[in-house]
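Listed below are the residues making up each chain.
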Amino acid sequence: MIQVESLTKRYRGATAVDNLSFTVPKGRITGFLGPNGAGKTTTLRVLLGLALPTSGGATVGGRRYRELESPLRTVGAVLEASNYHPGRSGRNQLRVLAAAAGISGSRVGEVLAEVELTAAAKRRVGSYSLGMRQRLSVAAALLGEPELLVLDEPANGLDPEGIRWLRNFLREFADRGGTVLVSSHVLGEVAQLADEVVIIHRGRLVAQQSVAELTAQVSGATRVRSPKAEDLLARLRATGIEAEATGAGLLAVHASPDRVGDLAAEAGIPLHELVAESGSLEEAFLELTAEPQ
Amino acid sequence: MRTLRAEVLKTLTTRLLLWYGLGLLAFLVLVLSIHIGSDDVGDLSQVSTQHSIFAVAGLAAVLAVLLGSVIVTAEYTHGTINQTFLAVPRRDRVLGAKVAAALVVAVGLALLADAATLAVAELWYRGRGLTLQLDGETMGPLLGTIGASALGAAIGVGVGALLRRQTGAIVLILLWLLIGEAVIGAVGDTARFAPGHTLGAVVAAHTDGTRDTLAVWPAVFTGIFYAAVFGLAGLLATIGSDVPSSGD
Chain F
53 MIQVESLTKR YRGATAVDNL SFTVPKGRIT GFLGPNGAGK TTTLRVLLGL ALPTSGGATV
113 GGRRYRELES PLRTVGAVLE ASNYHPGRSG RNQLRVLAAA AGISGSRVGE VLAEVELTAA
173 AKRRVGSYSL GMRQRLSVAA ALLGEPELLV LDEPANGLDP EGIRWLRNFL REFADRGGTV
233 LVSSHVLGEV AQLADEVVII HRGRLVAQQS VAELTAQVSG ATRVRSPKAE DLLARLRATG
293 IEAEATGAGL LAVHASPDRV GDLAAEAGIP LHELVAESGS LEEAFLELTA EPQ
Chain P
90 MRTLRAEVLK TLTTRLLLWY GLGLLAFLVL VLSIHIGSDD VGDLSQVSTQ HSIFAVAGLA
150 AVLAVLLGSV IVTAEYTHGT INQTFLAVPR RDRVLGAKVA AALVVAVGLA LLADAATLAV
210 AELWYRGRGL TLQLDGETMG PLLGTIGASA LGAAIGVGVG ALLRRQTGAI VLILLWLLIG
270 EAVIGAVGDT ARFAPGHTLG AVVAAHTDGT RDTLAVWPAV FTGIFYAAVF GLAGLLATIG
330 SDVPSSGD
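Protein chains in written order, with the numbering used here: chain F, 53 to 345; chain P, 90 to 337.
Hints in this document: simulated from the structure, not taken from any laboratory. Here the structure is a predicted model, which means the values were calculated and not measured. Among the clues, some could well be false.
Which residues of chain F face chain P? A partial, calculated answer using Cβ under 7 Å [to be verified]:
(1) G113
(2) Y117
(3) L149
Sample of chain F residues lacking proximity to chain P, with all beta carbon distances greater than 10 Å (derived) [unchecked claim]:
(4) P77
(5) D227
(6) S278
For glycine and all other residues, C-beta sits at the position ideal for the given N, C-alpha and C.
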């Protein structure tokens, strides 16, 4: 659905995005992760035609955004929540957009109802809370009934209720067959929501995998409990396996449970617990984006 | 066409036009009252005086330049330009629609200024026992106001697209019109070709030019030239640059 290909974007000598390539498959929720300044917003803005690439590019369904015949019917974008004229009502903000995109005015009322803003529709946006403006952004994105939603840090500034609303909303959108690309640094949110993640750091691709694959990859440690933990530790180290004692009778071993179990059996060491500890998305993210020491 | 509709809708869904209209009316009432109320009856009866009274409506052309620039810069100030370009990614089309919308609105303001000028002048003349002479010679500035406002709006859109910053654009336009052109006028004899003087000449609508003022048609063509130059520069600046963002 989305293809970013060899994208590079430089600003006065500083490289924001560096030869970045990744794809976003149709019908899935893809988290777009990276530390602040990694180039997430720049990438999304190039994708949406708001920034010009230095080289390479990004396409939606094989076409650049500017070439789309009905952009709002193809892509719904949620960018900064502050992108509204404070003196214009929420309803009129959407009427303007609908008029520009050739979308029926009746859609305005429908999307306002969908994001639960009907009661505040006639109020000026200047009086909206951040959460309400974020909902208005979602309403704007839904105007053209697009198949693809692109969201840049949508959870920024939202209270827990707003975050839950957004998560449920995006899940329902994806369940109806929609595709979502959502950038975030709130890793817990993405872990609960995304099917897969694209991680970038300093403008470069670090990983693109499913959330399950990624957390399994960094799982590393196997927790072992044994009455003869010291003997097992010596045995493991003798075979070149990294391990350390983490408590009375407890070891953290950097090898698969199968290997640890086999070695213990060979040595006749009883095991009372052998658990593969799964890593969190946060651990994976920090590990992949860690600065070299 | 739908882009134009959206641009006109933008101007109608904020209080921008209301404040511009009220400000224009207040200024016209004040200036015309001082002018007509303080002149002696002999002067007011002269055609040239009535011509200059109707030329007060030309203030609408200055507002049109400001309005044209604000139609563009307000979008950058509030970040709504992002939504605008998401809905219509063709930036040339957006800028063209903004020029057209600015023309529509500026002509509307010019008509308001003409009507207000006529009404206020008529009331003052009646009050002083005089009759306004309404003919081609005295009414020229009322037509000129419409033409100059249209040209001013187009120039304003170009300046706005070039500068993008609302306060900067307004300050620069006012400084240029109030000080810049006076300086040019003081140091040389080419001030009649400056943008503000050109718009003033369109308002004045004289058939013959002088050392200080162009005749109406040369002024119209010079105004079109400025509109084209600023419009093209604004278009190139808009097409060839990123839309500002606060993200990474």
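Hint-by-hint comparison with the structure:
| no. | hint | verdict |
| --- | --- | --- |
| 1 | G113 | violated, 15 Å |
| 2 | Y117 | holds, 6 Å |
| 3 | L149 | holds, 5 Å |
| 4 | P77 | holds, 23 Å |
| 5 | D227 | holds, 25 Å |
| 6 | S278 | holds, 48 Å |
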